[in-house]
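Colleague: If you're matching them up, the sequences are chains A and B in order.
FYI, the numbering used here numbers position 31 of the first sequence as 31, with every residue one higher than the one before it.
Each number in the numbering used here comes from the position in the second sequence (counting from 1) with 1000 added on.
Note that these hints are calculated values from the structure, not bench results.
All figures in this text were calculated on a predicted structure; none of them were measured in a lab.
Mixed in with the good hints there might be a few duds.
[Unchecked claim] Just a few of them, taken from the derived set where beta-carbon distance is under 7 Å, the chain B residues facing chain A:
#1 Pro1257
#2 Tyr1313
#3 Arg1426
#4 Leu1429
No residue lacks a Cβ here, since even glycine has one placed at the ideal position from N, Cα and C.
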Amino acid sequence: MNVTRPLFLEFCSKVTGYSQLELEATGLVDLYQDLWGKILGPKLADFYGFARSLVGMSSDREQTASLLTSSVYWPAVSSLIGLWYLGSWTQLPNAWYAQVGLPVPGPTDAGSTHTPAPIAYIEQLSYRTADAHTPGTKPTGFGSWGLQPVV
Amino acid sequence: MAELSQRIFDVVIVGGGVAGAMAAIKLSRAGKSVLVLEAGTDAVLSPNNYADALSTFHAMGSMRSTPNGPYPINHDALSPNDSQQDPYFVQIGKKRFLSDYLRMLGGSTLHWQGTTLRMLPNDFRMQSTYGQAVDWPISYDDLEPYYCEAEHTIGVSANVEDQAFFGVWFEKGYVYPMEKMPQSLSDQYFMKTLTGVSVDLYGGSYPLKVISLATARNSIPNPNFNHGRGYVAVGAVGYPESGMRCQGNSSCSPMCPVQAKFNAIKTLIAAKAAGDVEIRTQCVASRLLINVDSGRIDGVEYKRYSNPGDTAYVTEVARGAVAVLAANAIENCVLMLASGVKDESDQLGRNLMDHPYISLQGLSPEPVFPFRGPDVTSGVESLRDGKFREKHAAFRASIGNWGWVGEPTATVAQLLSAKQFGTAFRQQLRDKLTRMVKLGVFLEQLPDPNNRVTIDRQHIGALGNFLPILNYNYADYSLEGGLAAIEKVWPVIVEKAAIDDRTDFSAVPPGFQAVECKGKKFNVMGPGHIVGTHRMGHNKGDSVVDSHLRSWTHPNLYVVGAGSMVTIGTSNPTLTLAALSLKAAEHIARDLT
């Protein structure tokens, strides 16, 4: 049983602005949690501690923002948001790896810039945020572009 | 195979793209035997392989950078921009030539936008009307029947009333095969806000007219087409029931998943079905065998490789009564130069043209919901002709349906660097993406003898074939047209359509290069409109081919494609090159009987 999955999902929901149900519906949660685990490696347990405190906070946005964006995890979380929205992981700066004490990833490691799977491209959130669809997938039908989107 | 090599065809066509496909179908229907030699693979010929390319496109994700991206790299017939490690063009000019093409069966129609505009009558007579460039040996009137034929063969969606302007005429009662494509919300917004708005260019006043574009993607067949016979849309290769209508996949480039957009493979398949056509892929034409006495082409030597990337090859010769070069403007030149084709005009390889492309972008006051539908469905078409062409380039401006260049990646990155997250991130991204509008300006470029394709033994590529050496630059005539678009037209649109102007030339996006004109810097890209390297003309002293696209010096050699065009005008060149190819094929068929 993957005990951290609900926490990962809740955290992703908080940082992406999409509900847990919407994220679940992409089919990407397991893929991304697995990737996230590989990227954080030995720091994963620390991160989940941080995530638990963050999702447990009241809805005070400023407090959450301050805790999140000033944390050592922000560069990685920022790339995680990018992953959800664009379907690609962007490699973090070497300075971040030095700061947290992790090795800089090689060109084929999980932490390198890459699209983890075709479905990550297909289900990326950016286009649907704009009431559109990822290019080359899920066409909306002849002439639909001349009408207001139906969501 | 040996037996096939011995066969003498009526016509050998070099190149399995749109120019070759048009010639093949016309000659096939005329009962001529045809061999098509294609340098690249037939990697997307079968439905399964096409699906593989689509998977590659998805797997490359948002990181794909070029239209050639999803198609397999083939080092034996490399395409420009395929590979940074193995560049294909040798660029020696002041500016880089930025357009690409795809060397594969179907050619660049696999990733083209599908815009199929006719040229304007004045585009054919730039010298006599505006004192610029040179006149063609043929007029719009001469080409009109072939435009109709090309629109039928390709399957074009448009309506005559939108396309008949600046002297473009149609026969009474003519209708396009399919109705015009539905126009996007962006188009509708600009049509509403720019009605009655004019701009001043070089002392004249010009209206900003937004009209639908003629495009090669399947729309609703027009029952009145072809004198009431109607039209049946042509679906995907191998899956004819798929792609009967554009579904709005929003990925015309790099590929239409359902092939609702025309590609040349459709025509090649039809050509095979219509008669005696053989297609040989992975055969790179390397030399024309020229008879020293008669000047006739005795054969086309080609190098056949078994698998892409192989260094081993066999050299064979294809024989036909007529040879047709249809390998694209740059490849045709390389082959002719490598073969020692006689050219008394000294025009072979010269006058390379393209449409320098500028992206102007902003935010509309209300959402227009881009990133849906074909990339362009309308344009500002009323600045494509006028007295200002005495002074600077004409241009057309496509209304982009896919937001700004490099989006949505750029805005996501920007919001993240501003430390945005959660619902605020989502809302800000939505607010911006849904209001993105773009004008893509295509600038006319005049023929310049210094913009040139050459070859040199110092630059040899795979299979021992020559690499194209390109010397390229932009003249002030084009760049001043760009300045007119940026400084005289765009500000009027920004004001009248209440656009929040976000055009920024300070950074050069991938695929673009910086240019400067009269102290103003802006960025241009190449849209793949490769024109003019073996121009047609009035006599052997001024051109490489005659008005039938036949070589002046080698009587059984025809050189088709956009390289034969004398000027580029402002129309995307595919429809014109298709019409010219059909015209040449008609002449060849007549010649052979």
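Colleague: If a hint holds in the structure, say so; if it does not, say that too.
Modeller: Okay, the hints, checked on the actual structure:
Annotation: interface hint on B/Pro1257 holds; nearest CB of chain A at approximately 5 Å, less than 7 Å. Restraint check, B/Tyr1313 versus chain A: the minimum CB separation of about 33 Å is more than 7 Å; hint violated. Hint status for B/Arg1426 relative to chain A: holds, with the closest Cβ pair at about 3 Å, below 7 Å. Because the smallest distance between the Cβ of B/Leu1429 and any Cβ of chain A comes to about 5 Å, under 7 Å, the interface hint for this residue holds.
Hint compliance for this structure: hint 2 alone is broken.
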